[in-house]
Amino acid sequence: MKPAEYYQRDRTRQPPALTPDYKTSVARSPRYAMISLQQSASEITGPTFGHNDIDPIDNDLIKNYARTGDPVGERIIVHGRVLDENARPVPGTLVEIWQANASGRYRHKKDSYLGALDPNFGGCGRTLTDENGYYFFRTVKPGAYPWRNWVNNWRPAHIHVSVFGHSFSQRLITQLYFEGDPLIPLCPIVATIPDPEAIDQLIARLDMNASVPLDSLAYRFDIVLRGRRSTLFENRLEGN
Amino acid sequence: MKQRLDYLKESPSQTAGPFVHIGLAPGAAGFDIYRAELGHDIAGPNAKGQRIRVEGVVIDGTGSPVKDVLLEIWQANADGFYAHPEGGGPVEDGFRGWGRVITDFETGEWGFETVKPGQVAARMKLASDVSDRVSTAPDRQGRTERHAPMAPHINLWLVARGINIGLNTRMYFEDEAAANALDPVLNLIEWENRRATLIAKRAGDRDGRPVYRFEIRLQGDRETVFFDV
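As you go down the protein sequences, you meet chains W and R in turn.
Throughout the first sequence, residue numbering follows the numbering used here, covering 1 to 240 in sequence.
Throughout the second sequence, residue numbering follows the numbering used here, covering 1 to 229 in sequence.
Where hints are given, some of them may not hold.
To be verified - Below, a list of computed lysine-lysine pairs in the DSS-like style, where the Cα atoms sit at most 27 Å apart:
#1 R:67 with W:110
#2 W:23 with W:109
#3 W:110 with W:23
#4 R:67 with W:23
#5 W:109 with R:67
#6 W:109 with W:63
#7 R:201 with R:48
#8 W:63 with W:23
#9 W:141 with W:109
These aren't lab readings, by the way, just hints derived from the structure by calculation.
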């Protein structure tokens, strides 16, 4: 048995393109159905990254933009594993994150929210998973922030997460939310996901065992990428 | 006892949001933090083949340019090989085949420089024990050659605010009409008039490189074909 294509993406568990309560999706969602492809080399390959591409400090958001001291906010560790749907670890894959600071303000020239910038906080990090698919970051817990959708929408505290996997068909961007946040059920972006169990998969759990006493709390967030099938029989080979 | 399959389920996607640049292109967000941002050099200095420039814009359902898109590029080298262990063959030292570009905040224009990819084998390379078997045994139609290779193309993936899950598409080249006519993916699109949405137009030269123009329309008139890969 040799590994072959990746499992079909379960689109019933993924957010559809058109989700009118998230208003920006209305004009940015295709109206025609996607064309489904049997995978070729274009889809089962993808970029690879190595330790030359990044620096060790890149996964420490408390230090990687520090100018005069540490950033203000709740010190946390975010850690977990990147697995595939077969529960196999995905080693050596690039994980990138970005987030607002403790005030809910992004260090972005297009963010005009009145929450204050933190001179010691950039808000982005990146790392490679180890041989067990494990990753970790240190950061401050981001604040909630308002956004123009309905007049009084607030995003729950969240960290954006980007993962590559080993093929372009595994490419995924998602958001991490925090256990117990009462804004989660109110958010139209969270609600684009049709399946409550799938939403729950994006909620990081408080992990006291991984916290550092008198220093940092920890949250655990595992990420699952598409799994790859093994070739059992392959006698119908047309297609793309 | 109920039988249960023990597969995990893929994490659900969420939009990259309006501030995707902070994480993936911090220079564009207005600050420098990393030694080097990723995705700026697609082909590298040693790549064989024709140097080209690709430019375009992403247009929403109202006809307006989308000014906060992030696009990623994945392509083969001039021999049709990907920079990946299963990429079909060797690539030049420094050839990544992957890039990342953002749209201009004022105009929505994006562009990148690379080499024109070669033709890629139509299906993934099969395990040798399987491919040996099929190459000697004709299929049900009596063919041993299964199909044409894929025409030169660049795989694109785009994310932005308002896009809940990254959109996959492909860019083909106007001046590869013969290969495009045989391309198995283009031929999968039964509405022939939609195939043109995937074909970049030749738009003159700049700095000695041919320029290809590729407009991506998210919705409505001449909506670009997107793929579930």
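Status of the hints after comparison with the structure:
1. For the hint linking residue 67 (chain R) to residue 110 (chain W), the alpha-carbon distance of about 11 Å falls within 27 Å, and the restraint holds.
2. Taken as a hint, the residue 23 (chain W) and residue 109 (chain W) pair is honoured in the structure, with Cα atoms around 23 Å apart against an allowance of 27 Å.
3. Of the supplied pair hints, the one linking residue 110 (chain W) and residue 23 (chain W) holds, its CA atoms being roughly 19 Å apart against a limit of 27 Å.
4. Of the supplied pair hints, the one linking residue 67 (chain R) and residue 23 (chain W) holds, its CA atoms being roughly 16 Å apart against a limit of 27 Å.
5. Using a Cα cut-off of 27 Å, the hinted pair residue 109 (chain W) and residue 67 (chain R) holds, with the two alpha carbons roughly 14 Å apart.
6. A threshold of 27 Å between alpha carbons decides the hint, and for residue 109 (chain W) with residue 63 (chain W) the separation of about 22 Å falls inside it, so the pair holds.
7. Between the alpha carbons of residue 201 (chain R) and residue 48 (chain R) the distance comes to roughly 23 Å, so the proposed pair stays at or under 27 Å and holds.
8. Distance restraint check for residue 63 (chain W) and residue 23 (chain W): the Cα-Cα separation of roughly 36 Å exceeds the 27 Å cut-off, and the hinted pair is therefore not satisfied.
9. Note on residue 141 (chain W) and residue 109 (chain W): the hinted pairing holds, with a Cα-Cα distance of about 21 Å set against a maximum of 27 Å.
Hint 8 from the list above is the single one not met by this structure.
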